[in-house]
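Chains A and B, in that order, are what the protein sequence lines are.
Read left to right, the first sequence gives residues 1 to 388 (our numbering).
Read left to right, the second sequence gives residues 1 to 238 (our numbering).
Derived by calculation from the structure, the hints in this document are not laboratory data.
Do not take every clue at face value.
Listed next, the in silico DSBU-like pairs over lysine-lysine satisfying Cα-Cα at most 35 Å (straight line) [as the list claims (entries may be wrong)]:
| # | chain 1 | residue 1 | chain 2 | residue 2 |
| --- | --- | --- | --- | --- |
| 1 | A | Lys286 | B | Lys214 |
| 2 | A | Lys286 | B | Lys118 |
| 3 | A | Lys16 | B | Lys131 |
| 4 | B | Lys214 | B | Lys131 |
| 5 | A | Lys16 | B | Lys119 |
Computed list of chain A residues with no C-beta within reach of chain B, every gap over 12 Å [to be verified]:
| # | residue |
| --- | --- |
| 6 | Gly62 |
| 7 | Ala72 |
| 8 | Ala86 |
| 9 | Ser88 |
| 10 | Val102 |
| 11 | Gly143 |
| 12 | Gly169 |
| 13 | Glu172 |
| 14 | Arg203 |
| 15 | Thr204 |
| 16 | Tyr229 |
| 17 | Tyr256 |
| 18 | Leu307 |
| 19 | Ile321 |
In this text, a Cβ means the ideal position worked out from N, Cα and C, and glycines have one as well.
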Amino acid sequence: MAIPLSYNIRNLAVRKTTTVMTALGIALTVAVLLAAFALVDGLRVAFESSGHPLQILLTRKGSDSELSSNFARTVFNELKYKQGIARSAKGEPLASLEMVTVINLVSQEFPEGSNINVRGLTPIGLEMREDMTLKQGRWFTPGRREVTIGNSVAKRFPDAQIGKKLKFGRGEWDVVGVFESPQLARNSEILSDLNQAASDFERTDVLSSALIRATDAVAHQALINDLGYDTRLNVLARSEKDYFEMQTSSGDLVRYLGTFVALIMAIGSCFAAMNTMYAAVARRSKEIGTLRILGFSRRAILASFLLESILLSLLGGLFGILLVLPLSGITTGIGSSVTFAEVAFQLHVSPQIMLKGMVFALFMGAFGGFLPAFSAARKQILVALRQV
Amino acid sequence: MDDVVIRTRNLSKEYVRDEFRVVALKNANIEIHRGEFIALMGPSGSGKSTLLHLAAAMDRPSGGDLEVMGSQLNSLSDSEIARWRNRHVGFVFQSFNLIPVLTALENVELPLKLTHLKKGERMQHAATALKLVGLDDRMGHFPRQLSGGQEQRVAIARAIVTDPDILLCDEPTGNLDARSASEVLTLLSRLNKEFGKTIVMVTHDPHAAHFATKVRYIDKGELLPEGQAPEDWKALPN
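Next up, chain A with everything else stripped away, as it sits in the complex:
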């Protein structure tokens, strides 16, 4: 039978200053790790929520992103009537030729400016993004220098507001509306008329990509295979969802850096926990001797002190979660390593991330507490009783 848990909990409460200071040290370590995880998870949520399961993105073979892809209008005309492509209510194939470029916008967060995607679309392209809703204003008018901007862009860039003008291409573009989409990555784009944008950027024949929608899941895979193997077309066909998910890797650097910093800090936190527990063992030497006299084994002593260290670190883990929780929901942006444009997303502290934080804290407590607990268990009874 183990030494009662209340013994450990009350000992932690009795030396509350030491307990809180050590727990705060652990909390900071946990918070650093969780902040990195929250950022990466927010990015993952943004990308994983994006893309239609039946849609296929076509870029030129060899291009990782739409931005670096040159997609000829002639190729698009050849493939848009392929079998398996869904039709609109009007009977038109759900196939959208698109042009993607980046412009630089200044925000308070990034005064030197960030790259933002501008996407040229035809009305069918808008129809294929049916979950996008107008939040303010109206959609851009074909043939005019007008843009409708994503909600995240409107929130973060003071120049991108209804009534203002954005300068890119050959002139100034009126901001006429703000849209919102549950596909979060879309909210970081500026949409305009394809032909007007292509004309401004002198890309009337060679654009960036095409988006097509399959009639069903079987046709979806068949189209990917068919278009991918067609050497004449020379296109790379991939699921739109896969394309977005691939961009989650943009957060890899943050994750590795955050984990690395947290691991370095964890070593320090382990020593803090170790120091606290060594002091506890030294101060409670007589109690250890007494517990042994009462019949508790060395193993019970080891388990008790190890448990106390783990409780201390779990308290730290809890503090760490409380520190990082206010970050959840904060919107920030990161440059996508695939599109070279900024993607806005919300930091996301999920229950899984909190659990990871607690497990991380638990390991810190276990590593930091083991040696002191071992030394407590190894004490000779008489030596323990005589120590003051």
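Once you've looked at the hints, dock chain B against the given chain A.
This is chain B only, laid out in the frame that chain A set:
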């Protein structure tokens, strides 16, 4: 098994301190019978506590045989000794050694955690032990909220709660005022007379020794024959 609770044959204990050999106990031979209340007396450093510690298996002898409740303690492993101690021995310290963060009731319950009793039964046993030592109105008090005499009575309750065969007391009144000391000694005497507990008490207080049924003296590591006291000590009548 005969009624001998503790039997030693040429029991010795030596320490090495800073390369010097210190003989703490030399060829001690003693038999303590069930139901005895024996006081071990002697000057400081005479070896009386060493004998008590060996009997409680808190220390290993350097030589000789030690049999407690029929067990040869030398042959037991650490964990076997822990179990044996919980079952057969109650220990009372000079400085009480209560766990400060636990209440009187929880302190007394502690040794019962090593038994198979359920929580409710443990609490009942602990409450009974506290009632026996006259502290049933202090169960929820922490050690810091008790007087020295009360703390020692809680410690005695903790020592007897598992109903051990032997009660080993190391200067149980050493830290108490005269009145509290008398209360504690009266309690020990009652436990011996009414409940038949075998008690071995180390003391250098002649008044405390009066409560025992037998007194043995130890001087310079040697257990003196029954009835014999060190020359500079006045022997107490048995």
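Going down the list of hints, with the structure as the test:
1. Between lysine 286/A and lysine 214/B, the direct Cα distance comes to roughly 31 Å. Compliance with the 35 Å bound is thereby established for this hinted pair.
2. Restraint check for lysine 286/A and lysine 118/B: satisfied, since their Cα atoms lie roughly 28 Å apart, inside the 35 Å limit.
3. Taking the CA atoms of lysine 16/A and lysine 131/B, the gap is about 34 Å. The hint holds against a cut of 35 Å.
4. Proximity of lysine 214/B to lysine 131/B is assessed by CA-CA distance (about 28 Å); at most 35 Å being required, the pair is judged to hold.
5. Restraint check for lysine 16/A and lysine 119/B: satisfied, since their Cα atoms lie roughly 29 Å apart, inside the 35 Å limit.
6. With 12 Å as the threshold on Cβ separation, the claim that glycine 62/A sits away from chain B holds: the shortest Cβ distance comes to roughly 70 Å.
7. A cut-off of 12 Å between C-beta atoms confirms that alanine 72/A is not in contact with chain B; the least separation is 79 Å.
8. In this structure alanine 86/A is separated from chain B by more than 12 Å, as the shortest Cβ-Cβ distance comes to about 67 Å.
9. At roughly 71 Å from the closest C-beta of chain B, the C-beta of serine 88/A stays outside 12 Å, upholding its exclusion from the interface.
10. With a closest Cβ-Cβ approach of about 63 Å to chain B, valine 102/A is found to remain outside the 12 Å limit, as its non-interface label requires.
11. Consistency note on glycine 143/A: stated as away from chain B, and its beta-carbon is indeed over 12 Å from all of that chain's, at 80 Å minimum.
12. Here glycine 169/A stays apart from chain B, with its beta-carbon at least about 74 Å from theirs, past the 12 Å limit.
13. The Cβ of glutamate 172/A sits about 74 Å from the closest Cβ of chain B, beyond the 12 Å cut-off, so the non-interface label holds.
14. At roughly 76 Å from the closest C-beta of chain B, the C-beta of arginine 203/A stays outside 12 Å, upholding its exclusion from the interface.
15. Residue-level check passed: threonine 204/A sits 81 Å from the nearest beta carbon of chain B, beyond 12 Å.
16. Distance check for tyrosine 229/A against chain B: the nearest CB is about 71 Å away, which clears 12 Å, and the non-interface claim stands.
17. No Cβ of chain B comes within 12 Å of the Cβ of tyrosine 256/A; the nearest lies about 43 Å off, and the non-interface call holds.
18. For leucine 307/A, the shortest C-beta to C-beta distance to chain B comes to about 14 Å, beyond the 12 Å cut-off, and the non-interface label holds.
19. Against the 12 Å criterion, isoleucine 321/A stays outside the reach of chain B, whose nearest CB is about 27 Å from its own CB.
In the structure shown, no violation is registered for any of the earlier numbered hints.
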